[in-house]
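Can you make the complete structure from the sequences, with help from the hints?
Number of protein chains: 2
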Amino acid sequence: MNLKKSQIVLILVAALVLGFAGAYAGVQLAQPDEPNTKSLADAGDENTKGSSNTETSDLPANLDKITQAYDLIKQNYLEDVEDKQLVEGAIEGMLATLEDPHTSYMDVETVDQFNNQIESSFEGIGAEVSMTNGMVTIVAPIKDSPAEKVGLRPNDQVVTVDGESLEGLNLNEAVAKIRGEKGSEVVLEIQRAGVTEPFKVTITRDEIPVETVYSSTETIDGKQTGILEVTNFSENTAKEFEEQLNALEKEGIEGLVIDVRGNPGGLLNVVEEMLALFVPEDMPYIQIEDGNGEKEEYHSQLGEKKGYPISVLINEGSASASEILAVAMKELGYDVVGETSYGKGTVQQAVPLGDGSSIKLTTYKWLSPKGEWINEKGVEPTVEAKQPDYYYTYPIEAEEPFVYDHTDEGIANMQVMLSGLGYDTGRTDGYFSKETEKAVEDFQADNELDATGEVDQETAGLIETQVIEKIRDNEDDQQMGTALDELYQ
Amino acid sequence: MNLKKSQIVLILVAALVLGFAGAYAGVQLAQPDEPNTKSLADAGDENTKGSSNTETSDLPANLDKITQAYDLIKQNYLEDVEDKQLVEGAIEGMLATLEDPHTSYMDVETVDQFNNQIESSFEGIGAEVSMTNGMVTIVAPIKDSPAEKVGLRPNDQVVTVDGESLEGLNLNEAVAKIRGEKGSEVVLEIQRAGVTEPFKVTITRDEIPVETVYSSTETIDGKQTGILEVTNFSENTAKEFEEQLNALEKEGIEGLVIDVRGNPGGLLNVVEEMLALFVPEDMPYIQIEDGNGEKEEYHSQLGEKKGYPISVLINEGSASASEILAVAMKELGYDVVGETSYGKGTVQQAVPLGDGSSIKLTTYKWLSPKGEWINEKGVEPTVEAKQPDYYYTYPIEAEEPFVYDHTDEGIANMQVMLSGLGYDTGRTDGYFSKETEKAVEDFQADNELDATGEVDQETAGLIETQVIEKIRDNEDDQQMGTALDELYQ
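Protein sequences appear in the order of chains A and L.
Using the working numbering, the first residue of the first sequence is number 1, and each one after it goes up by one.
Using the working numbering, the first residue of the second sequence is number 1001, and each one after it goes up by one.
Do not rely on the hints blindly, as some may be mistaken.
Unchecked claim - What follows is a set of in silico ranges between Cβ atoms, one per label pair, in the way DEER data are often shown:
(1) A:Asp408 x L:Glu1469: 36 to 46 angstroms
(2) L:Gly1168 x A:Asp282: 27 to 37 angstroms
(3) A:Asp408 x L:Gly1293: 53 to 63 angstroms
(4) A:Pro388 x L:Glu1458: 44 to 54 angstroms
(5) A:Ser165 x L:Ile1220: 35 to 45 angstroms
(6) A:Asp389 x L:Asp1112: 38 to 48 angstroms
(7) A:Asp282 x L:Gly1180: 53 to 63 angstroms
(8) A:Asn447 x L:Lys1438: 31 to 41 angstroms
(9) A:Gly151 x L:Thr1132: 40 to 50 angstroms
(10) L:Glu1281 x A:Glu173: 11 to 21 angstroms
(11) A:Asp405 x L:Glu1164: 40 to 50 angstroms
FYI, nobody ran anything at the bench for these hints, they're computed from the structure.
C-beta atoms are modelled at their ideal positions from N, C-alpha and C, and glycine is treated no differently.
Spelled out as C-alpha cells, the structure:
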C-alpha cells in the first residue's frame, strides 16, 4: 500500500509543499469579465492569455493621489528608487488592504512556479522541501526522481546550492535556486542528522512528471476494494483519475476509497470533471456565487450513482478542490472519513497584467450542492478518525539535550515519537522520567549510539528519521483502515 | 531639584517620547522642491500649506499597471472595495518598499496628531511610540502624563488596545486607537522584555500639555549652576529655552547642564535656533546632505562661545534633534555625559497631498559640524555615566509568589529593586536566598504588611510603587551628578 506516502508526510511535517510555496491551493475560474458559465470549463489555460483588463474604467480623481505620491518619492526620497519597485509596492499595498490570504500579486518568477504547479511536469531535482527551523529541509524525494537516485532523504537540510548559502532566503527563493532546466547540474551541500560534516551531492536536473493519482487495491472481508489517492488537482488529474477508476472497475471492485488527505486543491474544472463521474444530473455538484450574491448551479449529465459504496478520506490538509469533492460526495450520501478539512470556500483567478506578472484574485465563492459555504469551517467527516499520536509530532528542537528530571513540551513530543517507535517512555506528558531515560538508552543501543539516556541532536535526528520512515511505511494508517471498514458497514 | 522627574522615569523606563507615534521624532525641513536654504527656517508651518507636487512629471508607462490592478480589484474582487482604501493601500505599499522606519503615510487624523505634536498640547495617554519589528513599541512616556503615572516604559510593546489586537495595523492606525478624549479610559495589554506574560494597564487619557523646557539651579562647589532640561523640540521650545537661559544668566550662573535625556527630537529649525545661541559663526552647527551627496553647511551669527562651562546629558532615548544638539556641542569641545544616544541621522518632511493627508518622507541626512553621520551609531558621550541599577528594573510579574529557594529572572529584578530601596537581599542573581527572605520580611514589616517573606502581588506592587517614587524624587540621579561635577573639572 505504497500510495499514501506523500500525504502522510504532510501530516507529520505540517506544511510541505511540492517544490514550492502555497500558490498551489488556488482554484481557478476564467477571465473575470466573462460570464461564469462556460468559463468554468476552460480555466486551465487562462494563464497563457494576454492582459485582460485593457479597457480603462472611469478612474476616481483620487488615483491622482497615487501619482502624486509616486512623484514625490521619485523626486525627493533620500535614495534612488526603481519604478518597478514602487509599482509592485503599490499593487501589493492595494491587495493587502483586502486582507484576503488567497489574493496576491505574482511577479514573473512566481507566475512561472504557479504554472509549473498546474502543468503536469516541471524541471528540477524532484524533491519536496519545507522550511523547518529556518532551514530548507527535504520532505521527501519524488519516486524515481534525480533527488531519489542520488540518495536524498527526508530531513536532509540543504545548506548551500552551488556554493551559495541559503541563509536568509525564503522557501520560494531557495526553491528558485534549486530548480533549473533539464540536463543542468546543481550541487547541494547537505547536512544530515547523524552525519557530522555536511557533504556535497551533484544532481542532474530532469523533467519531473507530476503524478497526482495513485491507484491500489485491498481485499476487505473478501471484497476487492479500490483506493484512489489524489494528491493535487492539476491539468491531467481528471484524465488520470478516470483512467485509473475505469481500470479498477474492470478489475471488479466492490467498493472505493478516494483519499484526498493533504491535497491542497488545484484547478476548479478538474475537480468538476471528477465529480461529474459520481454525481447524477438531478443534483448540482457545485454552486458558484458571485460578489452580488447571485448563485449558479452546475450539473453533470450522469444518469445515476455508482453501484458500489464509496468513502472519501480527508484531513486538515485537504483544502479547496478537495473540499469541493468531499462535501459533494457527503451530500450525495457517502461517508467522509477522517478529520475536519481546511475550510477554503473561495475561488481565485490568476489574471495576467500583460508583462508576465499576474494578480491572483478572489472572485467567487463556491457552495456545496445544497448551498452550504464551508469557508473557515471546513467539511466535517461523517466518521471521525485520527492517526496514531506519533503522526502528529514535529521535529525535535533540542538546543540543550533533553535529560532526566527536566520538563518541557518538546520532551512530550519526543516521548510520543519514541513510544510510536515501540520504546515505552512510561509517560508522554513532557516529564523526562527514569522510564523515559531507559527508553532513550534502549533506542540508542539498538541504533549503535552511546547509550547516554540523553537526547542530543544526533539522537533526536535519528528518532525523527525513524518516525518519518515508519509513517511512510504505512503500517498504522488508522484513517485508511476506518475508511475501508466503513464501506461495508 | 524637581525638574528631573520626567527624564529619570524615562531612564528607568529606558527610551522616551511624546503622545503618539514616532512622527514626533521627525525633523522637518521645507517643501522638497524648494532649495534647502531658507527653508530650514520655516519648517514649522509647512503642514498647513497646500499640495506641493502639482506639476506632473513624466510617469513611466508601467504606472498603467497600477491602474490596471486597481480596475481589476474594483470590478472583480468578491467584495466591494472603497476607492480610498485602495488609494491609501497603494501609497502605503510604495512607501513600505523603501524600508525606512521614519517614512510614512499620514491620513487626515494622523496629520492632526502630527500637528498636535508640534503644537503645545494634545489629548491622549502621553507616550511616544514607534513601530519596531512589527510591534507598536513605547519609546517613552511624557513627563507627568498618564502613561508615565501608570509606569509604562521604553521598549514596552503594546499587544492590544481595549482588547483589540494591533496586529496588521500600521503605527498611525495603532496610535489612533490609543488616543482619545481627555477623561476616557483605555486598556493596553503590554509585553515587556524580561516579563513572560503580557499584562494589562488601564489608563485615563488626559490633556497632555507640551511643556518642553524645565529650568533649575544647583550650587556645586559654591558655584551657582544652571540646569535646562529639554524634553522635546516643538514650536515654542527655542523661545522658551532662550528665555530661561537668559534668566539663568541674569542669576549669574557659572556653568550650565543641558539635559536632553529621553528627548526624541522634533523640529529641525528649533534645534538650529538653540544651537545658534552656543556655536560661533566660524564653525557650522550642522551640515545637511541631499540624495546626490551634496552637502551644505549652516552657520550662526554668534561672535563667540559662552564664557562658562557647559555639559550636555544624553541617553539612549536622546534622538534626532537631541543628537544634533549633543554632537555639535561635543565637537565644539564641551563634555557630553551619559549613555550613547539613539542614532537617527535623517531628516523627514511632511508633504501635504492636498486632501488633508500627508506623506512624511525622509529627504535629507544631517551630519555633525565636522561631517560625521551618526545614523544607527548614536552620539557617544565623552564621559560615560549610568544610573543606579534600580533605574533599569521593570514591574514585577509574579503569577506565583516569589518564595525561598526558587530561582527566576523576575526574582533578580525584584532583588535589584529591594536593594535600591535599602533592603539588603544578599544577592541579586535571581536566587531567592534566606537573606532575600529576610529583606522581604523587613520591607513588609516597615510597610504594615504580613511579614511572610514571600513576594505576592500586593508586596510586589508596593515595591514597584516605592521604586518609581524614589526615581521621581531624584535622589540618585548619578548621571546628573556626573554632568554637574564635570563642569568644574
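Checked hints:
no. : hint                                     : verdict
1   : A:Asp408 x L:Glu1469: 36 to 46 angstroms : holds (40 angstroms)
2   : L:Gly1168 x A:Asp282: 27 to 37 angstroms : violated (46 angstroms)
3   : A:Asp408 x L:Gly1293: 53 to 63 angstroms : holds (54 angstroms)
4   : A:Pro388 x L:Glu1458: 44 to 54 angstroms : holds (49 angstroms)
5   : A:Ser165 x L:Ile1220: 35 to 45 angstroms : violated (57 angstroms)
6   : A:Asp389 x L:Asp1112: 38 to 48 angstroms : violated (56 angstroms)
7   : A:Asp282 x L:Gly1180: 53 to 63 angstroms : holds (59 angstroms)
8   : A:Asn447 x L:Lys1438: 31 to 41 angstroms : violated (53 angstroms)
9   : A:Gly151 x L:Thr1132: 40 to 50 angstroms : holds (45 angstroms)
10  : L:Glu1281 x A:Glu173: 11 to 21 angstroms : violated (54 angstroms)
11  : A:Asp405 x L:Glu1164: 40 to 50 angstroms : holds (42 angstroms)
The structure is inconsistent with the numbered hints 2, 5, 6, 8, 10, although it conforms to all the rest.
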